[in-house]
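Engineer: Now for the letters of each chain:
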Amino acid sequence: MIEIKDCSKAFGAVKAVNKVSLEVGEREVFGLVGSNGAGKSTLLRMIAGVMKPDEGEIRIDGISVYDDEKAKSFLFYISDDSYFPSDYTPGDMANFYRYYYPRFDIQRFYKFLHQFGLDEKKRISSFSKGMRKQLNVLLGVSAGTKYLLCDETFDGLDPVMRQGVKSLFAAEIMSREFTPVIASHNLRELEDICDHVGLLYKGGILLSRDLEDMKFHIHKIQCVLSDKSQERQLQKELNILKMEHQGSLLLITARGTRSAILERIQEKNPLFCEILPLTLEEIFISETEVAGYEIKNLFF
Amino acid sequence: MKSKICSSKYVKTVSKGKGWIPAFLTLGFLLAFPVVSLLMIGNWRGSGYTPEQMEFLYENLWKDGFLLTGGFVAVLAAVLNGINGFIYLYSKRQTDFYHSLPVKRSRMFWNRIYTGLVYYLVPYVIMVFLAICIGAARGFFSLKLMGAAIVLFGIHLIIYLLIYFSMVLILCITGNLLMGIFCMGMLYCYGPGLSLLLGSYRYGFYETYYMEKNYGLIRFLREYISPAGLINQFAEAYQKGEGTGNFMILFLLTAFLAFLSYLAYLKRPSESAGSPMVYRGAAFIVKIMVVIPCGLGAGYFFYLIPISSMKTFWWIFGLILGTVLSHGFMETAYQMDFHCFFKKKIQLLAAGLIVAACAMVYETDLFHYDSYVPPKEKLASVSVDMNMFSNNMGTYIKEVEDGIYQVGMESADWDLREYSVSGKKEIGDKTYDAFCSIAEKQKERGKKYEKGDHIVEGANSDIVFKTGVMYKLKSGKKIYRNYRINAIECQELIQCLYEEENLKDTVLDMLDLGEEYLDEMYFNAADGRGYMIFQEQKEKWTELLEALKKDIEDAGAESFAGIPCCSIQLTYSLPGIMDVSTLVPGEENRKEYAYSTINILPEYTHTLAVLEETGYPITLDDITVKKATVQYYGKEKEKTAVYEKAEELQKLKDAAVPAGGFYSWLECEEDVSVIFQTEQGYEFYVQLLKGKLPDFVQKGKETADETEKRKESEEEKVSMIGGADGPTSIIIKPREEDQTDE
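Residue numbers (our numbering), protein chains in the order written: chain A, 1 to 300; chain B, 1001 to 1742.
Read the hints as simulated data drawn from the structure, not as lab findings. All C-beta atoms in this analysis are idealised placements derived from N, C-alpha and C, irrespective of residue type, glycine included. Just to be clear, a hint being listed does not mean it is correct.
Sample of chain A residues facing chain B (criterion: CB under 10 Å; computed from the structure) [what the hints assert, rightly or not]: (1) Arg-45; (2) Ser-79; (3) Ser-82; (4) Tyr-97.
With the hints as constraints, model all of the structure from the sequences given.
Structural biologist: Right, dumping it as structure tokens:
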């Protein structure tokens, strides 16, 4: 488990991370979202042990991570702007990492390279941005570490490759102790992969929730009611976060379990009623609005 | 993993793409050792050196030549390896990459040093081995040589590590290339630069600063406050067969730099990549260290330009300008933004105040530099540059081994001859007081006379000359001063030094060398002509030297301040130390040449008796003068008078100081000189003693002075009327009576 306790980091007068407390569980995909400058990369660099927090502590499986070989051996960090030593090929990179990560599976790495269509003998400097990102993910997965820290890793990957990487993560989680932590500014990128999401805003954590948990308690329903008074009744009976009309169609976003909400609506004998899937963005809108933030201030 | 990271396989893996470094160093060491070895041996053979000389030269090559060539490549290796190992700290991308690896910072530090050492040592050892093989194939091989090779290896390793760790330290405390280069330059040039600045200020503001010798703080800054200076010092000492102390200093400094760089690396925040200075404290110290000397330096630059009385104004202008500009540039470099040029005004003000305080120290001579003479109880010895002081002097000679001598440079090594303060023949109170009195007058005298010249003529007809004095303290510290001394002070000092028998000993020491090494004896007769004497009569040399010794021993102190009648110059040829720089192909024994000039005083009766046998004129009375031409020097015009009467000629002889020497302790009339013409038609020049001028010369001099004064008053008259405020076309005619006089 990654435990972050009251962690702060400032660069001069700018407070990049401000008293963040977070826990990343095991065998889950953790999404760290936030707009540019929210502190995602700084937090990830602190988790990777690259930077030392000014305040607070970060522990990996109970060991403080900064300048600790053992704690750092549990994780592999893929930065947003990755570096590869000049003249290195994917094979050289694998050889290099073998000295640092004893569980690095070189056979598997070569297998991945073939699967993703990367040439092991070609210089990395000739790779495209997306290919380098893929290579980094493959190196990270092959390193055999428990945690994989990805900073904007999906940015630059084409949809096919993105899907491939997602499948790889899913397979890894199924087969061994593996926890990817993915930082991104794009909610849509994370919604179909994350189990747990942390939202960073201006260096602070706004919320950290299980996606399923959030989805379980917020629902979006579209229905057609026969009477206006029924609509007013529903407003009183349900914990409605948002209600809007599209012609005669009523769109309601409300808190509560699916069965409780449906029960209330069915009581009103609607002409039509169905539960719609909520996007991660919609969940966030709802959650952050409750917390007193305007979502457009957070992302747009 | 720990052992793996120090394995050759690991080094091979991380060296991917960096193979050019060991390859380049291999080429460098190939040139530095085997190629130099082959070239030198070939040259020696071709120059005709004997086998013994070649062996000596080859041994020396391992001490001297290879130290330089190998040292150069070692420095290059240190720079390349330092950059290769730690330049990543300047890049955020690379820092993230390396610092996210599961390795402790401390181990990553040593891994990089280990990799660098492998790059350096492998080609070094191979090429040194090759050079040894080449030497052995040409017949030069011994255990002594192997020892020299091992010592050289140690020295080069220390040089490599010193430069390497200084590079690493700079890379660890700076965050970008510009600041890295700047700080590197500072580390290596700050001491010598500051030394130059202090020297310039002392030269500009102090009257007694002795520029030719480096000592005290100035020497310390130049030689010890720079790794390059230290290496240079060590190399010079090592070539002389010394240098253990310097090696220890190098070793300690290397260890210190290694420790500092280790700390700086461990504590360096990864996020500082790209920012100019990593540690805020270091940034402030660097700024202060730069701004203050820059302010003072700019001030001095502006102080030198004007030749008018505006010097002080321009100096202050330069001080302010230099401080503001250097502070601004430093701040701009720190913030990477020109908008910050005038930021941090409080720091600028503080720097300005320090610059002003430093400037005031020099302007007011706050620490009494010019008048300072160390307390007598702290003095161990005093050395005086007798080259300008009295020509009763000789080359400094020291017996380094039994029958082997080291000879100093006649003019530069005057400070090697120390006159002891304590002991049997000590510098007494009188001499000490004489130095104090001279020192006291320096400030005032300096204002009067122009700087630079060794001999300066004062405006009040008082001839002064500059001479160096070195005070050596019991602590070993040396203090040099350059004093302006007049004839009376010089006379007093000579008497004191002879009274305390220090000077007497110096002259006698030279004579004690005996005729065994004496090559030539040269006699400077009273008529200023030089003659080789007794060249074929060696027993006469012995006789003369014995007589001279006896006369010097018997003479009183006041005699030495008298008027010499002639002098003797001795040339010695002494067995010297075998030295590479002066080794002559085929020459078996090296010779060192030493010279000594001894004034012959009228009291030296025994010596004069021997010299009489030469038949050359010993005193002016021995010369029959036919006529004397006296020259009176006015400001613009010379006046000449000829005297032929026997009575006048005798009076002139009585007042004359013989030719052929510079007798600084004698006060001579500087406006008058005499050329005597002998019966044979030979002419020689003499000076006349002040206060002993014959009446007719005094009269002639006064007439010249009156004409001079008249001219001056005419100039005054014109200058009173002329000028920018008055009509410039008015011409004042000389008065009628003036014209008749002329």
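Engineer: Each hint should be assessed against the structure and marked as holding or not.
Structural biologist: Hint check results:
For the restraint placing Arg-45 (chain A) at the interface with chain B, the shortest Cβ-Cβ distance is roughly 7 Å, inside the 10 Å limit, so the hint holds. For Ser-79 (chain A), the suggested interface contact is upheld, since its CB lies about 5 Å from the closest CB of chain B, less than 10 Å. Taking 10 Å as the C-beta contact cut-off toward chain B, the hint placing Ser-82 (chain A) at the interface holds, the least distance being around 7 Å. A cut of 10 Å between beta carbons decides the hint on Tyr-97 (chain A): the least distance to chain B is about 8 Å, and the hint holds.
When each numbered hint is compared with the structure, no violation occurs for any of them.
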